[in-house]
Amino acid sequence: MRTPRRNRLGRACAGVLLAGVTLLTSAGAAVADDPSASASPEDGETAGPTEAGTTFRTATAIRQEQTATADASTGDYLYWAFPADSGQRPTVRAKVSLPESATRHGASTWQVDVYDGLRRRQACMYGHQTRKAAPDAGTVELSCVLRTVRAWAEPWAFDPLPGTYYVRLTVTGLAEEDLGLPVHVETEVTSTAQGGAHDVGGALAEPLVPGVSVASAQGGGAPAAGEPEDGWSSGWWTDRWLWTVGGGVLAALAAVFGYGLTRGAGRPSRVPPGV
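Each residue of the sequence shown is one higher than the one before, starting from 1231 at the first, in this note's numbering.
In case anyone wonders, no lab produced these hints; they're calculated from the structure.
Where is the CB? At the ideal position from N, CA and C, for every residue including glycine.
Errors might be hidden in some of the hints.
For each label pair, taking beta carbons as the anchor points, the in silico distance ranges come out as [what the hints assert, rightly or not]:
hint, residue 1, residue 2, range
1, 1416, 1389, 40 to 48 angstroms
2, 1333, 1383, 23 to 31 angstroms
3, 1377, 1329, 45 to 53 angstroms
4, 1416, 1339, 12 to 20 angstroms
5, 1327, 1480, 49 to 57 angstroms
6, 1287, 1436, 17 to 25 angstroms
7, 1333, 1307, 18 to 26 angstroms
8, 1369, 1281, 31 to 39 angstroms
9, 1478, 1383, 23 to 31 angstroms
10, 1389, 1337, 46 to 54 angstroms
11, 1480, 1349, 13 to 21 angstroms
12, 1477, 1303, 55 to 63 angstroms
13, 1407, 1327, 18 to 26 angstroms
14, 1480, 1287, 24 to 32 angstroms
Taking the hints into account, I'd like the entire structure generated from these sequences.
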């Protein structure tokens, strides 16, 4: 009589455990695929800027998922600024349309660099940060995938932090006769949300955005250049809570299942009461 009861209990608990795992996995996937987790263009979004700055202070502000263009001269330093929030892994792409090959005198080497709000150069995890264009090449494409932006880091660390990031594009190797030739540049920044696996137990007092302290002291106002339109992430909620709550539920179900296996079937019917 005891074995069937245990089998039924085991099947019921196994079904509940399977349902809990399925629910937890689907909830985590839904958060990871939520469009609100990363910047995305809205309907009717206007075209990106058509100019680039020439210094950090004059960097042209762009939004993520927005293509910026610029016409410049070979040898110029071109700067753009974009916001990156905690949990995002930005990818910077740049495409340079080169002058006619008949007007060039040799190959050229181009490079894209990314700096954080403190103007610290950030290393690329992977991508083509530097590329050499052949004398007959029509375009050259560069990319840089940054590390995941952290909500907080030690003062001595060079970890990416929430705030404004600067993109700098320039030519690093060129025949002197080719300086000043016209080029056309397209730049775009995208991000992927990495989720609660990269959350840390802390947060910056203010994001690393130029002028953010002044704006706060004056009582807020319009978003500063390089700040997301919907503001910086805040609050206690992350998708880590899904795994924490789900783990607690699964642990409780496992405890019930274990108790059902060990407590027995109670007093046998053949034993009289009081014995």
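Now for the hints, and whether the structure bears them out:
no., hint, verdict
1, 1416 with 1389: 40 to 48 angstroms, "violated, 29 angstroms"
2, 1333 with 1383: 23 to 31 angstroms, "violated, 47 angstroms"
3, 1377 with 1329: 45 to 53 angstroms, "violated, 35 angstroms"
4, 1416 with 1339: 12 to 20 angstroms, "holds, 19 angstroms"
5, 1327 with 1480: 49 to 57 angstroms, "holds, 55 angstroms"
6, 1287 with 1436: 17 to 25 angstroms, "holds, 19 angstroms"
7, 1333 with 1307: 18 to 26 angstroms, "holds, 22 angstroms"
8, 1369 with 1281: 31 to 39 angstroms, "violated, 20 angstroms"
9, 1478 with 1383: 23 to 31 angstroms, "holds, 30 angstroms"
10, 1389 with 1337: 46 to 54 angstroms, "violated, 36 angstroms"
11, 1480 with 1349: 13 to 21 angstroms, "violated, 47 angstroms"
12, 1477 with 1303: 55 to 63 angstroms, "holds, 58 angstroms"
13, 1407 with 1327: 18 to 26 angstroms, "holds, 19 angstroms"
14, 1480 with 1287: 24 to 32 angstroms, "violated, 53 angstroms"
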